[in-house]
Amino acid sequence: MGDTEFLAHHGVLNMKWGVRRYQNKDGSLTRAGQKKAKKMKDKYTKLTGKQLRRNPTKKSSTQKPKQKSISEMSDEEIRTKINRIKLEQELGSLSPKKISRGKAFIDKVAKDIIAPAATDVAKQVVKSKLADAANRIFGLSGDLKVHTNNKKK
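Heads up: the sequence shown begins at 1459 in this note's numbering, then just goes up one per residue.
Here are the simulated PhoX-like pairs of lysine-lysine, each with C-alpha atoms no more than 20 Å apart in a straight line:
{"#": "1", "residue 1": "LYS1504", "residue 2": "LYS1494"}
{"#": "2", "residue 1": "LYS1493", "residue 2": "LYS1483"}
{"#": "3", "residue 1": "LYS1544", "residue 2": "LYS1555"}
Honestly, the hints are just simulated from the structure, not real lab data. Model, not experiment: these values are computed from the prediction.
Between the sequences and the hints, there should be enough to build the whole structure, so can you do that?
Dropping the structure here:
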């Protein structure tokens, strides 16, 4: 860059980072925002000759008809709705559920490795406690003492 070329930022003096000038945190406009929006609306009207609508109307083809309450429905309409729901549930139960590869891997590891290891640990703990209880109840000690896994301690 030469002496005359430089990068400059023209921000708002003393304005904090992340604070919006024209909009509150809830999305509503501040007074300054309302002024700016009115100015922009007036500019648009002058340029195009059209008025901006606050809430544009939706086309009637995209609107869903309002659903009736059960008391307003006829018996035939209720039967039709129930049959539709049953068919959707049936279809869902027939199609296989897609499981991600990660979940499938975790399920396999849990089933093939973790569950057997936990079972073995639980068996060893139960044997150890039973042996300790038998030794205490019968007063066994030394060579007569009951050991788990046929090992002497």
